[in-house]
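Mind assembling these two chains? They're in different frames, but the hints should get you there.
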Amino acid sequence: MDNTARFSNFRRQSKKGILVIYLNILYKAFKAFWFLLFLFVQKFSKIPESTLLYIYIGVLALFVFFLIRAFLIFKNFQFKIENKHFILQKGILKKTHTSIPFDRIQNINFKQNIIQQIIAVHEVNIETAGSSKAEISIKALSFEEASALKQVITIFDETTTTTNINAEEKPLLKIGFAALMKVSFTENHLQSLLLLFAVLVGFYQQISDLFDGLGKQELLDNYITKNASSLENNVILIVGFFIILLLIAVLSSTVRVVLRHFNLTVFVKNNALEIYQGLTTKKSVILKKDKVQHITISDNPVKRKLGISFIHFKQAISGKVENKKDKVIKIVGCQLSQVAVIKNLLFPSENLEGINKNFSTSYYKLRLYLRGALVLFILNTLLYAVIQSNQVLLVNILLIPVFILSIEVSFKKRYYLFNKELLLVGQGTIETHKTYLPFFKVQNVKLKQTIFQAKNNVADVIFQTASGKIKIPCIQLEKAQQIYNYTLFKVETSQKSWM
Amino acid sequence: MTDSFQNIAVTSFPDIVKIDFKSINNKYLKVVLIHVFLVFLILFAALFIADYSGVFKIVENTFWLYFIVFIVFIAVLVLKSIGFKKMKYVVREKDISYKKGVFFRSLTTVPFNRIQHIEIDEGPVSRFFKLVSLSVFTAGDSSDDLKISGLLKEEAQQIKEFISNKIDG
Numbered sequence: 001m002d003n004t005a006r007f008s009n010f011r012r013q014s015k016k017g018i019l020v021i022y023l024n025i026l027y028k029a030f031k032a033f034w035f036l037l038f039l040f041v042q043k044f045s046k047i048p049e050s051t052l053l054y055i056y057i058g059v060l061a062l063f064v065f066f067l068i069r070a071f072l073i074f075k076n077f078q079f080k081i082e083n084k085h086f087i088l089q090k091g092i093l094k095k096t097h098t099s100i101p102f103d104r105i106q107n108i109n110f111k112q113n114i115i116q117q118i119i120a121v122h123e124v125n126i127e128t129a130g131s132s133k134a135e136i137s138i139k140a141l142s143f144e145e146a147s148a149l150k151q152v153i154t155i156f157d158e159t160t161t162t163t164n165i166n167a168e169e170k171p172l173l174k175i176g177f178a179a180l181m182k183v184s185f186t187e188n189h190l191q192s193l194l195l196l197f198a199v200l201v202g203f204y205q206q207i208s209d210l211f212d213g214l215g216k217q218e219l220l221d222n223y224i225t226k227n228a229s230s231l232e233n234n235v236i237l238i239v240g241f242f243i244i245l246l247l248i249a250v251l252s253s254t255v256r257v258v259l260r261h262f263n264l265t266v267f268v269k270n271n272a273l274e275i276y277q278g279l280t281t282k283k284s285v286i287l288k289k290d291k292v293q294h295i296t297i298s299d300n301p302v303k304r305k306l307g308i309s310f311i312h313f314k315q316a317i318s319g320k321v322e323n324k325k326d327k328v329i330k331i332v333g334c335q336l337s338q339v340a341v342i343k344n345l346l347f348p349s350e351n352l353e354g355i356n357k358n359f360s361t362s363y364y365k366l367r368l369y370l371r372g373a374l375v376l377f378i379l380n381t382l383l384y385a386v387i388q389s390n391q392v393l394l395v396n397i398l399l400i401p402v403f404i405l406s407i408e409v410s411f412k413k414r415y416y417l418f419n420k421e422l423l424l425v426g427q428g429t430i431e432t433h434k435t436y437l438p439f440f441k442v443q444n445v446k447l448k449q450t451i452f453q454a455k456n457n458v459a460d461v462i463f464q465t466a467s468g469k470i471k472i473p474c475i476q477l478e479k480a481q482q483i484y485n486y487t488l489f490k491v492e493t494s495q496k497s498w499m
Numbered sequence: 001m002t003d004s005f006q007n008i009a010v011t012s013f014p015d016i017v018k019i020d021f022k023s024i025n026n027k028y029l030k031v032v033l034i035h036v037f038l039v040f041l042i043l044f045a046a047l048f049i050a051d052y053s054g055v056f057k058i059v060e061n062t063f064w065l066y067f068i069v070f071i072v073f074i075a076v077l078v079l080k081s082i083g084f085k086k087m088k089y090v091v092r093e094k095d096i097s098y099k100k101g102v103f104f105r106s107l108t109t110v111p112f113n114r115i116q117h118i119e120i121d122e123g124p125v126s127r128f129f130k131l132v133s134l135s136v137f138t139a140g141d142s143s144d145d146l147k148i149s150g151l152l153k154e155e156a157q158q159i160k161e162f163i164s165n166k167i168d169g
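Chains as they are written, first to last, in our numbering: chain A, 1 to 499; chain B, 1 to 169.
Worth flagging that the hints you see were computed from the coordinates, not collected in a lab. All values reported here derive from a predicted model rather than from experimental measurement. Hints may contain errors.
Stated by the list, open to error - If you want the ones that stay clear, here's a sample from chain B, every Cβ over 12 Å from chain A, calculated:
1. Ile-16
2. Val-32
3. Ser-53
4. Phe-73
5. Pro-124
6. Phe-129
7. Ser-133
8. Phe-137
9. Ser-164
Stated by the list, open to error - Quick list of the computed label-pair ranges, beta carbon to beta carbon:
10. B/Lys-88 with A/Leu-245: 50 to 58 Å
11. B/Ala-50 with A/Phe-63: 55 to 63 Å
12. B/Gln-116 with A/Val-201: 38 to 46 Å
13. B/Asp-121 with A/Lys-496: 28 to 36 Å
Unchecked claim - Derived pair list, reagent style DSS-like, types lysine-lysine, alpha-carbon separation capped at 27 Å:
14. B/Lys-94 with A/Lys-496
15. A/Lys-455 with B/Lys-85
16. A/Lys-182 with A/Lys-305
17. A/Lys-269 with A/Lys-282
18. A/Lys-490 with B/Lys-166
19. A/Lys-469 with A/Lys-343
20. A/Lys-94 with A/Lys-16
21. A/Lys-455 with B/Lys-18
Ideal Cβ placement from N, Cα and C applies to all residues, glycine included.
Here chain B stands alone, though its shape is the one from the complex (with noise of 0.2 Å):
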């Protein structure tokens, strides 16, 4: 490391590192499964009008089909159970952070007075448990910001309140 930027560490900074995350509601987790039930539910579907309707003379035993279907279908649970703890995020005094994966890990932070706008989405299955994801948008190519999923709704209100009166005051 450079001396300038020792001398500079000494003074101390706000550390990300040390601040405690917030865990993602375990309602979440719910919407999250249903997805994937959802998901795989259309693709067994799929395979077995595949299968009655004779598509797979070539494949011996379509059971064995069905079990490596079955097998992606638990293996893709157990990662999004897993997945979903990783998930986690803080709003400091001036700036908005989220952390998440297990494989591929990213933390990412917002500072409020670089914010655009900020949207908040409700999907199908997220409205039944009253969760918002909550979206944060900055200037130019961004494509790559940050999005919270599973934000209960006055929770998320909040923090978009607490951001918009930051950006302006």
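Extracted from the complex, chain A is given alone in its bound form (with noise of 0.2 Å):
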């Protein structure tokens, strides 16, 4: 191939890459440093003009030292393939060489922010399973560089290159603009504004901070309460309020689903699954079919109307938790067919219709209520402390019937059921989670028992594969005994590689 013997020197990234380094420094540097910028603008009427010609003379020194180094890093940042092995060497006076075996790499992504979109450079990451330090970052690729250093990365194993270019035209699926907003309207809502509640409050306590070494904590304090005061008295407020709410909350969810998944677009390749999406920041995904380690299916009443449903791949993932949101893969908007189509291709001829679903016992039913009574009475001693007043426990009255009506909910949506391969595990209240995990796919075993669980002679089991956990809780020991021994004879007996 002569794919392989253009990488069989060592070469380096994109000229343009400079640029992107360069860029990428600066923002990092903005991000660290940008209250500095603020408490300059603020004061900058009150610096005398020597000192501010010092703090330009060093801000642009700094520029100068960035640029070099961008340049530096560009310069040492070289790499190559041999031997089946990714080999990579940078480090401006710390050097490092790293190799990976091909077939180590879980996966190859592309990735294309604004800048790197303007000029026409693909960020090539490459992940493995194991520690994070071996993860790959190559800043600035052409495209055709790009995906002709996946082609020699993802095929080493395939014998024939031709159904690639076959495979190539047709997507497996497409998600549209219209579907996209179906998605959008249909989100958890109320997740999107917890998220933008954290945000701002991460913001607000930055800004305040800032305040707080201005010496004005107290003048922010005091706007914040008299308008918060002025909030409790105005009922019609109270409500606009809320309607503002839930407008801001439908607007980020569309905002994030759009942005994230703009033109979301999956192609089937070889033993891969490819997956393109995004506005801002454009993604390509490569999920080899063999390192996915299980597969949810979700979707709540209200897209399960509409007929669209997430699939969320999860991989082996690496000791580092940081890491763990970028290695769960996300497909929105699937529709039912779509669905069947990916699962025959992770699962092939593995069908779970008409087997019958087990449900946990009673005692997790019992759990789970003295779980609500006990999460029910901490909130009512909180709101008790907080606004002493008996009239805040007649908040009971809604919140009581929420509880037991979600504890039945997910009561009944707890269940397996499995074949002889693939085990099938449901959850959820509102949303439905439908979890598949293949029993080979399992790195350990375990059934836990308090000791009232074991009076009542059940068990929880829990199984650990390379991307987390999955239980099974409160079913029959007998039961529990049967799974625990029947998965590890699959794992044992297995020769299938698992990751």
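Spelled out as structure tokens, the structure:
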């Protein structure tokens, strides 16, 4: 293959990479020191001119230093492919030499942020299952180079490359803008609101730290308490506030979904799924079939009416928790037939239809009720402590039915079923999640019992995979032991590669 | 239970329940108890110093404070002794299992062909009794893998050797 020859000598990324690296450094510096800039603008009039000059020179020197640094990073970043290994040399003073065998490579992802889109280069990320140290990010390659590199790495074990060209033409599924809108409106708006809220709180803290430093904390507090108390007095305002909140939630869901999943397209190539998506930051992800540990298909009542659902793919993750979110790959807005196609692709000829569901024992319901009661108790105590009025306990009239309903529903939705190869675990309250796990992907099994569970002869079974735990709570001990033994049997007799 | 499983269940699998688990070496109980002693020694010392320097002016009778800590001490000793008896392990041809717990019982099995690496650790107190702990790690998010404490050093080495051979072969 000529592509292999192309990468056989050490080479650098595209020259445009200097710009990408430079802007990246500047962005990081700005993120770390933006409050200095803020201070500077605020106190601008008070700074004497001579000092101002020094500041300008200092900043200029910093910019030049960053530029030199970016150039050196670029110059010292070299990679090649040799003997089915990806080899990378980098580092200005401290040189690092990394070598990754192809079969350890989990994923090759393309990414484009706005700048990379403008100058027409792609960022290539190479992910491995092991330590996060071995993750490689090549900041700038032309599309042609990037796909050549990807091709060399992904199809090293394929005998034919011709199928590749055929498959390129028609995508397995494509989510249009209208479908994306459907997805946005049926999102979990509460969640997006909380997310927005978290961002705002973080922002508020930063601002208040800043004001604190300036000695103006009281001013800010006063402003907020004044507004808050006027809120309390005005019911209409509160209702309006909620409507606005709802609008914001819907809007933020929409923005989030469109930004991330714009023009979502999925191709099937060889033994991998290729997923392209994103508006400002375009991402392309390659998902090798073998590396997928388990998938979860989720929907909620509205989504079910519209006939769309989500698919989450879970792959092996490294111990670092911060990466966890990136390793979950999500396809939104799949129609039922498309879900079936993907399921078929990953677990060919595994039919779980018509197999009876096994439910948890009533002990599980008891446990849910006890936990619910505890949460209610804590909630009541907290509310009472904050507001100190008996009237606040009236909230329970609303809360208790909600609790009972959600416990009953989530108990009903908790089930598991399996055939020889595949385990399906269902769960959820408002949303419904179905997790499919092939038995041979399990890394260790655990049987857990509290002393009360032991008295009732029930146990929890926990399957640990390379991408997290799957739990079946409170089933009869004998059944639990049977599944336990069966899983071990499947794992220990399996010859297939599991990650 | 579903039909398909019953079909499978007829052919008999190796049953983890019927295997005889091995107890942990009795010497390890001493290690556990010494650890408890050390923790409570520090606690008592801290209490004594705090008492002597007059931090507990509010408490009428410091005797009861000592008494409560002492009761907790006895309770922990008893619980640890019972818990020790529940710690059991077994190495089969293709997997390694460990169970423990009085109030929270658990049984974990890790198949050899999913093990990434094995570690043998010696604590300062354990070393005195020539005991070690053996941990096995699997890939990915493996915070929750298996650790057996209180093995004889030679035995742990043997298990490690055995598993390593199985993985490579």
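Cross-check of the supplied hints:
1. The claim that B/Ile-16 lies off the interface is violated: its Cβ sits roughly 6 Å from the closest Cβ of chain A, which falls inside the 12 Å cut-off.
2. With a cut of 12 Å on Cβ distances, B/Val-32 stays outside the contact zone with chain A, its closest approach being about 20 Å.
3. Listed as outside the interface, B/Ser-53 is consistent with that label: its C-beta sits roughly 34 Å from the nearest C-beta of chain A, beyond the 12 Å cut-off.
4. With a least beta-carbon separation of about 23 Å from chain A, B/Phe-73 lies farther than 12 Å from that chain, consistent with its non-interface assignment.
5. The beta carbon of B/Pro-124 is kept farther than 12 Å from every beta carbon of chain A, the shortest such distance being approximately 27 Å.
6. Residue placement check: B/Phe-129 keeps its beta carbon more than 12 Å from all beta carbons of chain A (closest about 29 Å).
7. The beta carbon of B/Ser-133 is kept farther than 12 Å from every beta carbon of chain A, the shortest such distance being approximately 17 Å.
8. Taking the minimum C-beta to C-beta distance to chain A, about 10 Å, the non-interface status of B/Phe-137 is violated against the 12 Å cut.
9. Non-interface status of B/Ser-164 relative to chain A is upheld: no Cβ of that chain comes within 12 Å, the nearest being about 17 Å off.
10. About 55 Å separates the C-beta atoms of B/Lys-88 and A/Leu-245, a value consistent with the hinted range of 50 to 58 Å.
11. Restraint check, B/Ala-50 to A/Phe-63: a C-beta distance of roughly 57 Å satisfies the suggested window 55 to 63 Å.
12. Against the hinted window of 38 to 46 Å, the Cβ-Cβ separation of B/Gln-116 and A/Val-201 comes to about 39 Å, which satisfies the hint.
13. The hinted range of 28 to 36 Å is satisfied by B/Asp-121 and A/Lys-496, whose Cβ atoms lie roughly 33 Å apart.
14. Simply put, B/Lys-94 and A/Lys-496 have alpha-carbon atoms about 16 Å apart, close enough for the 27 Å limit, and the pair holds.
15. The hinted pair formed by A/Lys-455 and B/Lys-85 meets the criterion: a straight-line CA distance of about 19 Å does not exceed 27 Å.
16. Annotation: proposed proximity of A/Lys-182 to A/Lys-305 holds, straight-line Cα distance about 11 Å (limit 27 Å).
17. The hinted pair formed by A/Lys-269 and A/Lys-282 meets the criterion: a straight-line CA distance of about 20 Å does not exceed 27 Å.
18. Distance hint between A/Lys-490 and B/Lys-166 is fulfilled; the C-alpha atoms sit about 17 Å from each other, no more than 27 Å.
19. As the CA atoms of A/Lys-469 and A/Lys-343 are separated by approximately 21 Å, the hinted pair is consistent with the 27 Å bound.
20. Among the hinted pairs, A/Lys-94 with A/Lys-16 is consistent with the structure: their alpha-carbon atoms are about 24 Å apart, no more than 27 Å.
21. Distance hint between A/Lys-455 and B/Lys-18 is fulfilled; the C-alpha atoms sit about 20 Å from each other, no more than 27 Å.
Against the hints set out earlier in the document, violations occur for numbers 1 and 8.
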